[in-house]
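Asker: Put together the whole structure using the sequences plus the hints.
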Amino acid sequence: MNDTRQQILEILSGSMSDILARSVLSLSISWSKVDPNNLRHGDDKRLLVELEKGIRLYVRDDALQRTCMEQMQSLLTINGHTRPSPVAEPQIRVPVLTESDIVDARGIGRLVCNKLGFSGAMQIKVATAISELARNIVQYAGKGEIIITTLDGNRRGIEVVARDEGPGIADIDLVMSDRYNSRTGMGIGLKGTRNLMDEFDLKSNPDNGTEIRVRKYMD
Amino acid sequence: MAERSDTFRIPIIKLHDKLIVSIQMALSDRLVMQLKDDITTRIERVNITGLIIDVSGIDVMDSYISRALRDMGLIARLMGVRTVISGLDPMIAMTLVEMGLDLKGVSSALNLETAIELLDRKPAKTRGKGGTV
Ligand SMILES: Nc1ncnc2c1ncn2[C@@H]1O[C@H](COP(=O)(O)OP(=O)(O)OP(=O)(O)O)[C@@H](O)[C@H]1O
Ligand SMILES: [Mg+2]
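Going line by line, the protein sequences match chains A and B. Position in the first sequence (from 1) plus 1141 gives the number in the numbering used here. Position in the second sequence (from 1) plus 7 gives the number in the numbering used here.
Don't read these hints as lab results, they were simulated from the structure. In this text the structure is predicted, and so the values were computed from the model without any measurement. Ideal placement from N, C-alpha and C gives every residue a C-beta, glycine not left out. Do not take every clue at face value.
What the hints assert, rightly or not - Derived Cβ-Cβ restraints for the label pairs, each shown as a range: (1) A:Gly1155 with B:Thr121: 17 to 27 Å; (2) B:Lys21 with A:Asp1203: 20 to 30 Å; (3) B:Val53 with A:Asn1295: 55 to 65 Å.
Stated by the list, open to error - Sample of chain A residues lacking proximity to chain B, with all beta carbon distances greater than 10 Å (derived): (4) Lys1194; (5) Arg1207; (6) Glu1240; (7) Ser1241; (8) Lys1256; (9) Arg1276; (10) Arg1296; (11) Asn1322; (12) Leu1343.
To be verified - One side only, chain B facing chain A, incomplete, derived with CB under 10 Å: (13) Ser73; (14) Ile99; (15) Glu105; (16) Val113; (17) Ala116.
Answerer: Right, here's the structure in full:
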């Protein structure tokens, strides 16, 4: 029984939601290129640094933050031998069903941006865009998912796909225009998202639902 | 983030003639709705002249949250109470503008302290309160 991943997860879950804890872990693994179940001397530090970034971002309460970090330190310094193994870049899927998933989805988006080294302003823009897309899923489709992918090609950045199998958007041109008057909100969510991101692509029809793909680049 | 329970509410503090709300967490829609209700009830019950909503701990301000804050300001005004939003992160403010959103109708202040000063200043002529500034 030496499942360090599980133990890290348990510590994180003490101060954040499960899905956020899982994301903090998987991103920390990916960025440190260290597998907690396969730790070698010196690796623990790299992993710890990444985990601490996530903890600092998500645990607001100072005391709770300290406890969480201390637990993590003692876990990772006691453990640790054998060789490291790089882990693939993550794609994170966040199921969106209830309003609390909206908060999780945008939190995870922000975490990914933070790890990528996005500026604070860009982190907030991406998180805000995710919040709009996730809320539309909850409001209009009932359920769907947000998929967050790290773009690591010649342009570093982040891609967010919001997908659902809901009723679709009947008149895309209308909802994206200035003359759109929403009955449910201010009708600003999608237009605002388009303004905040570098790329915006909307596909929707009544048979397949809605898929919105947005991207934000670092440069 | 630590408050995941379904019963957690954002506390509203009464200080002299003001209500102060300090939001120090990521806001779920439920918390926003609850806060709107709670503020309305409190204004009705206690005799105050000003409402301060400190948003320095908020993670983002999307269309839903900004609309809710505007609503709270509007409700307060209809009940004779002035609202000041304080501590809005400049990066969040920038995001709001880029989206095409605004907090029309509510004044804003840099921080809690200046928000209190702002509320104390205006009616000072009529109430004759010894101002500090
Ligand atoms: N995932 C979706 N499935 C079905 N319809 C959608 C979806 N997302 C958006 N829509 C439709 O597109 C319209 C515009 O969405 P948008 O987010 O821009 O504005 P809103 O949700 O009405 O208001 P706001 O986001 O400002 O609160 C919505 O009113 C809704 O009819
Ligand atoms: Mg919307």
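Asker: All hints are to be evaluated individually against the structure, with a verdict given for each.
Answerer: Against the structure, the hints come out as follows:
no., hint, verdict
1, A:Gly1155 with B:Thr121: 17 to 27 Å, "violated, 37 Å"
2, B:Lys21 with A:Asp1203: 20 to 30 Å, "holds, 26 Å"
3, B:Val53 with A:Asn1295: 55 to 65 Å, "holds, 60 Å"
4, Lys1194, "holds, 15 Å"
5, Arg1207, "holds, 13 Å"
6, Glu1240, "violated, 4 Å"
7, Ser1241, "violated, 5 Å"
8, Lys1256, "holds, 16 Å"
9, Arg1276, "violated, 6 Å"
10, Arg1296, "holds, 21 Å"
11, Asn1322, "holds, 14 Å"
12, Leu1343, "holds, 16 Å"
13, Ser73, "holds, 9 Å"
14, Ile99, "holds, 6 Å"
15, Glu105, "holds, 5 Å"
16, Val113, "violated, 16 Å"
17, Ala116, "violated, 20 Å"
The earlier numbered hints that this structure contradicts are 1, 6, 7, 9, 16, 17.
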